[in-house]
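S.K.: Line order of the protein sequences matches chains A and B.
Okay, so the first sequence: first residue is 257 according to our numbering, each after it adds one.
Okay, so the second sequence: first residue is 12 according to our numbering, each after it adds one.
Keep in mind the hints are simulated off the structure, nothing from the lab.
Be aware that one or more of the hints could be misleading.
Said to hold, decoys possible - Label-pair ranges, simulated between beta-carbon atoms: (1) A:295 to B:90: 39 to 47 Å; (2) B:50 to A:300: 15 to 23 Å; (3) A:354 to B:38: 16 to 24 Å; (4) A:287 to B:50: 24 to 32 Å; (5) A:259 to B:50: 14 to 22 Å; (6) B:78 to A:278: 41 to 49 Å; (7) A:263 to B:29: 35 to 43 Å; (8) A:286 to B:66: 26 to 34 Å; (9) B:23 to A:271: 21 to 29 Å; (10) B:28 to A:296: 20 to 28 Å.
To be verified - Capping the alpha-carbon separation at 30 Å, the derived lysine-lysine pairs in DSSO-like fashion look like this: (11) B:65 to A:263; (12) B:64 to A:263; (13) B:64 to A:321.
Stated by the list, open to error - So the derived list for chain A, only partly shown, Cβ under 7 Å to chain B, looks like this: (14) 271; (15) 298; (16) 318; (17) 319; (18) 323; (19) 352; (20) 362; (21) 363; (22) 364; (23) 366; (24) 367; (25) 370; (26) 373.
Predicted model only: the values in this text are computed from it and were never measured.
Even for Gly, the Cβ is constructed at its ideal location relative to N, Cα and C.
Given next are the chains, with one letter for each unit.
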Amino acid sequence: SAVISQKPSRDICQRGTSLTIQCQVDSQVTMMFWYRQQPGQSLTLIATANQGSEATYESGFVIDKFPISRPNLTFSTLTVSNMSPEDSSIYLCSVGKRTGNGLVVSYEQYFGPGTRLTVT
Amino acid sequence: KNEVEQSPQNLTAQEGEFITINCSYSVGISALHWLQQHPGGGIVSLFMLSSGKKKHGRLIATINIQEKHSSLHITASHPRDSAVYICAVADSGGSNYKLTFGKGTLLTVNP
Chain A
257 SAVISQKPSR DICQRGTSLT IQCQVDSQVT MMFWYRQQPG QSLTLIATAN
307 QGSEATYESG FVIDKFPISR PNLTFSTLTV SNMSPEDSSI YLCSVGKRTG
357 NGLVVSYEQY FGPGTRLTVT
Chain B
12 KNEVEQSPQN LTAQEGEFIT INCSYSVGIS ALHWLQQHPG GGIVSLFMLS
62 SGKKKHGRLI ATINIQEKHS SLHITASHPR DSAVYICAVA DSGGSNYKLT
112 FGKGTLLTVN P
């Protein structure tokens, strides 16, 4: 398993500013993910952040808006830049731990407590 | 792209009742996850399944790969089970770490 903490747990920000969210894991993991959950919606993957490589962004998300750092195997940050009210969401980080052997490989995913962001 | 459908969207039960939440998906997967989200927003992973059935305490998850369907059962439900339950599927193939999420089922268990 993995225990994940996020900071801040919630914040209220002014439009046009930026917020950096931190994600700390209690063990070394290769795969980390950042998700967004807009009000009343399901989770959407923003990007995959593997240590030692650039983050891979999903369609609709760009590095200029959501820069990600992954300096080591236990830590990552997501910045929400130049915020607008549409960025009001819960942002979650998660980690993937590989399971299975041989031909069948799956990834257990463990989620952080989330950061509830409100942009006014 | 996989389409994940959950039913029901909302479910209200009395304490002690047996609960079933259903999940269907459209494309073959490598694994299916059941997640629990409490009002604060944090998510707890309940199960990861690729076949058969798993049980943890009062929770049981089953999956039928041929029918592309999974169910989450809660026996002897309790008010503390009140949460949003989310089904998520992992692609098969090279990107099998990516999850596609259902919209969730809001469960309210009344005392």
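S.K.: Taking each numbered hint in turn, which are not upheld by the structure, reported in ascending numerical order?
M.R.: 1, 9, 11, 12, 13, 14, 16, 17, 18 and 26
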